[in-house]
Amino acid sequence: MRIAVLLEERCKPNSSAFMYLEKYAGMCGGECIQLEDGKFKILEMACPVCFTRAKLCPGDAVKIINLPEELDHDMTHRYSLNGFRLFRLPTPAKESVVGILGPNGIGKSTAINLLSGSVRPNLGDWQNPPPDWEEVVSTFPRGELRDYLGLVSEGEVSIAVKPQYIDKLPKLWDGKVRGLLSRVDDRGDLEECAKRIAVDHLLERDLTGLSGGELQRVAICATILKEADVYFFDEPSSYLDIYERMRMVGIIQDLASKGKRVLVVEHDLAILDVLCDLLHIIYGERAAYGIFTPPRSTRTAINAYLDGFLAEENVRIRDKPIRFVRGRTRGEDIGIPILQWGDMEKKLGDFQLKTGQGEVRSAEVIGVVGPNATGKSTMVRMIAGEIEPDQGWCTMEANVSYKPQHVSTDFEGSVQDWLDTEIGGKWRSGEFHTQVIRPLQVDKMLDLQAQRLSGGELQAVSIAICLGREADLYLMDEPSAHLDANARMEAAKAIRRTMESNEKAAMVIDHDIYFIDIVSDSLLVFEGEGGKSGFAMGPLSLRKGMNRFLSGVGVTFRRDHESKRPRINKPDSVKDREQKASGEYFYTN
Numbered sequence: 001m002r003i004a005v006l007l008e009e010r011c012k013p014n015s016s017a018f019m020y021l022e023k024y025a026g027m028c029g030g031e032c033i034q035l036e037d038g039k040f041k042i043l044e045m046a047c048p049v050c051f052t053r054a055k056l057c058p059g060d061a062v063k064i065i066n067l068p069e070e071l072d073h074d075m076t077h078r079y080s081l082n083g084f085r086l087f088r089l090p091t092p093a094k095e096s097v098v099g100i101l102g103p104n105g106i107g108k109s110t111a112i113n114l115l116s117g118s119v120r121p122n123l124g125d126w127q128n129p130p131p132d133w134e135e136v137v138s139t140f141p142r143g144e145l146r147d148y149l150g151l152v153s154e155g156e157v158s159i160a161v162k163p164q165y166i167d168k169l170p171k172l173w174d175g176k177v178r179g180l181l182s183r184v185d186d187r188g189d190l191e192e193c194a195k196r197i198a199v200d201h202l203l204e205r206d207l208t209g210l211s212g213g214e215l216q217r218v219a220i221c222a223t224i225l226k227e228a229d230v231y232f233f234d235e236p237s238s239y240l241d242i243y244e245r246m247r248m249v250g251i252i253q254d255l256a257s258k259g260k261r262v263l264v265v266e267h268d269l270a271i272l273d274v275l276c277d278l279l280h281i282i283y284g285e286r287a288a289y290g291i292f293t294p295p296r297s298t299r300t301a302i303n304a305y306l307d308g309f310l311a312e313e314n315v316r317i318r319d320k321p322i323r324f325v326r327g328r329t330r331g332e333d334i335g336i337p338i339l340q341w342g343d344m345e346k347k348l349g350d351f352q353l354k355t356g357q358g359e360v361r362s363a364e365v366i367g368v369v370g371p372n373a374t375g376k377s378t379m380v381r382m383i384a385g386e387i388e389p390d391q392g393w394c395t396m397e398a399n400v401s402y403k404p405q406h407v408s409t410d411f412e413g414s415v416q417d418w419l420d421t422e423i424g425g426k427w428r429s430g431e432f433h434t435q436v437i438r439p440l441q442v443d444k445m446l447d448l449q450a451q452r453l454s455g456g457e458l459q460a461v462s463i464a465i466c467l468g469r470e471a472d473l474y475l476m477d478e479p480s481a482h483l484d485a486n487a488r489m490e491a492a493k494a495i496r497r498t499m500e501s502n503e504k505a506a507m508v509i510d511h512d513i514y515f516i517d518i519v520s521d522s523l524l525v526f527e528g529e530g531g532k533s534g535f536a537m538g539p540l541s542l543r544k545g546m547n548r549f550l551s552g553v554g555v556t557f558r559r560d561h562e563s564k565r566p567r568i569n570k571p572d573s574v575k576d577r578e579q580k581a582s583g584e585y586f587y588t589n
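Residue numbers 1 to 589, in my numbering, belong to the letters of the sequence shown in order.
Just so you know, these hints were derived from the structure itself, not from any lab. All residues carry an ideal CB built from backbone N, CA and C; glycine is no exception. Treat the hints with caution; some may be incorrect.
For each label pair, taking beta carbons as the anchor points, the in silico distance ranges come out as [as the list claims (entries may be wrong)]: (1) 309 x 66: 14 to 20 Å; (2) 316 x 72: 17 to 23 Å; (3) 138 x 433: 48 to 54 Å; (4) 206 x 578: 45 to 51 Å; (5) 386 x 72: 51 to 57 Å; (6) 196 x 421: 46 to 52 Å; (7) 582 x 529: 27 to 33 Å.
Construct the complete structure from the given sequences, taking the supplied hints into account.
Okay, here's the thing in structure tokens:
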């Protein structure tokens with residue numbers, strides 16, 4: 001089966017893609033490439049010559065893809081002639097947490113809309129009204145998914161959805177947190193639920209004044225306050241620290257234990273591993289198509305995803321596997337000091353930050369970990385020169401490149417123009433293009449308008465710009481935010497490669513343990529009480545730092561014997577008790 005996908009945002013009038021297709025429209029006489037009302041169509045029965053012409057369209061605006069013929073019977077939904085296609089669906093299972101793992105932009109949100117009943121599957125026929133539910137249900141093989149869709153068709157399933165973009169909540173509700181939660185409190189459980197999710201102290205605050213982590217917790221609370229049969233959680237760990245992520249795991253698993261069906265879309269693989277009973281992988285190509293695999297055990301699915309090869313489908317979804325390797329022992333292959341600090345203090349309102357003494361050396365990446373609101377971003381801002389310490393000292397004979405926590409741009413123009421403005425022609429070729437631009441897939445965004453990028457696309461470009469500046473020290477605040485699992489691993493490796501090959505240094509704040517494990521040589525550990533006090537300890541070796549950090553969380557990690565990835569031990573399991581007794585909360589070997 002051959003499909004043609006046209007990305008309209010890359011084929012606007014006056015773009016290079018538009019002018020290219022306009023040149024060849026109708027040229028063969030068979031109307032293979034058509035232009036109607038300012039929009040192009042590419043017939044999927046086009047002649048070989050026109051398919052080749054379409055495939056060579058600049059700006060990556062047209063994708064010609066060959067798919068197995070058997071998928072023709074598994075198409076669940078299609079948006080238009082040259083639009084996105086989704087094949088198969090994940091299965092919400094009774095009394096289970098079912099995870100969905102895959103890149104952004106290949107159908108996870110579409111699947112949620114279809115399974116929730118807000119959109120009826122059209123089975124690939126986009127030109128006519130969707131078929132009735134009876135026909136839709138009959139196309140799926142007998143089993144739990146077919147039974148579930150039967151309940152949806154009869155209106156016997158109530159749905160609660162935690163949306164992906166929680167930063168839009170203040171635009172939907174202009175008022176206090178209590179007012180929002182009261183509207184969805186079907187069980188009269190508001191006070192108890194708010195306390196359990198740690199938003200009880202936020203009830204009288206306006207939604208517009210909340211941080212990303214606070215908004216996320218409010219969104220989760222609003223979702224579970226609803227009385228529903230099926231719960232969908234779209235990226236519930238975003239903006240949360242490891243303490244809050246583990247609390248979220250317990251809350252979602254409790255829903256399943258009460259007989260609810262739960263589906264979770266998540267990019268933090270460590271959290272996905274401990275949270276889910278079963279896992280669907282979705283693979284495909286962004287904005288073109290997505291294919292759901294049957295459910296696997298969580299461990300098997302994550303290892304297959306990291307390996308990049310799905311044995312049951314005989315499909316390779318990545319050119320090379322993602323490897324987890326032992327972090328360097330502090331002092332190995334690390335050069336001269338770039339930054340040194342000692343006994344810094346900073347008071348911001350009721351919050352006070354203190355640090356010990358530490359240094360950063362060339363060719364070193366320091367991971368920065370700790371609870372939210374304990375001063376991680378404040379210290380990075382002091383080092384970057386944005387704010388001055390009240391006491392203590394910081395010496396640095398270095399230029400700094402800083403990527404803030406919340407990325408945005410007011411640049412008017414394309415991504416290519418933005419890159420040229422920020423880092424010149426460095427991104428176009430050579431080592432930087434190979435090590436950063438291509439792995440982050442920034443080269444596929446060049447014709448897009450900077451102000452219209454998605455959260456993940458904007459993050460990737462911001463990382464590339466930060467790494468592309470001439471600097472000795474690179475400060476990056478939560479670079480994994482909004483990136484899918486694969487993009488997170490590629491970003492971590494891009495940061496490491498840049499520091500090692502150029503003998504530069506980086507400090508990276510993040511909450512994703514996989515990301516920190518790949519990127520870090522050593523750790524700066526923050527301790528304290530969120531919003532009140534913080535203390536920076538280190539830098540420490542990766543092993544020592546992780547043990548100190550995780551002992552405060554009460555979570556232990558082991559290494560998977562196949563992929564070597566970190567895996568969270570189940571609380572109070574034999575392995576968990578053994579590691580806590582020995583003081584080894586994190587295995588690096």
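Taking the hints in turn, this is what the structure says about them:
1. Checking the proposed 14 to 20 Å range against residue 309 and residue 66 shows it holds: the Cβ atoms sit about 19 Å from each other.
2. Checking the proposed 17 to 23 Å range against residue 316 and residue 72 shows it holds: the Cβ atoms sit about 21 Å from each other.
3. Between residue 138 and residue 433 the beta carbons are some 51 Å apart, a value that agrees with the proposed interval 48 to 54 Å.
4. A hinted range of 45 to 51 Å holds for the C-beta pair residue 206 and residue 578, which are about 47 Å apart.
5. For residue 386 and residue 72, the Cβ-Cβ distance of about 56 Å falls inside the hinted range of 51 to 57 Å, so the restraint holds.
6. Range check, residue 196 to residue 421: Cβ separation about 48 Å, and the 46 to 52 Å hint holds.
7. Between residue 582 and residue 529, the C-beta spacing of about 28 Å keeps the proposed range 27 to 33 Å intact.
When each numbered hint is compared with the structure, no violation occurs for any of them.
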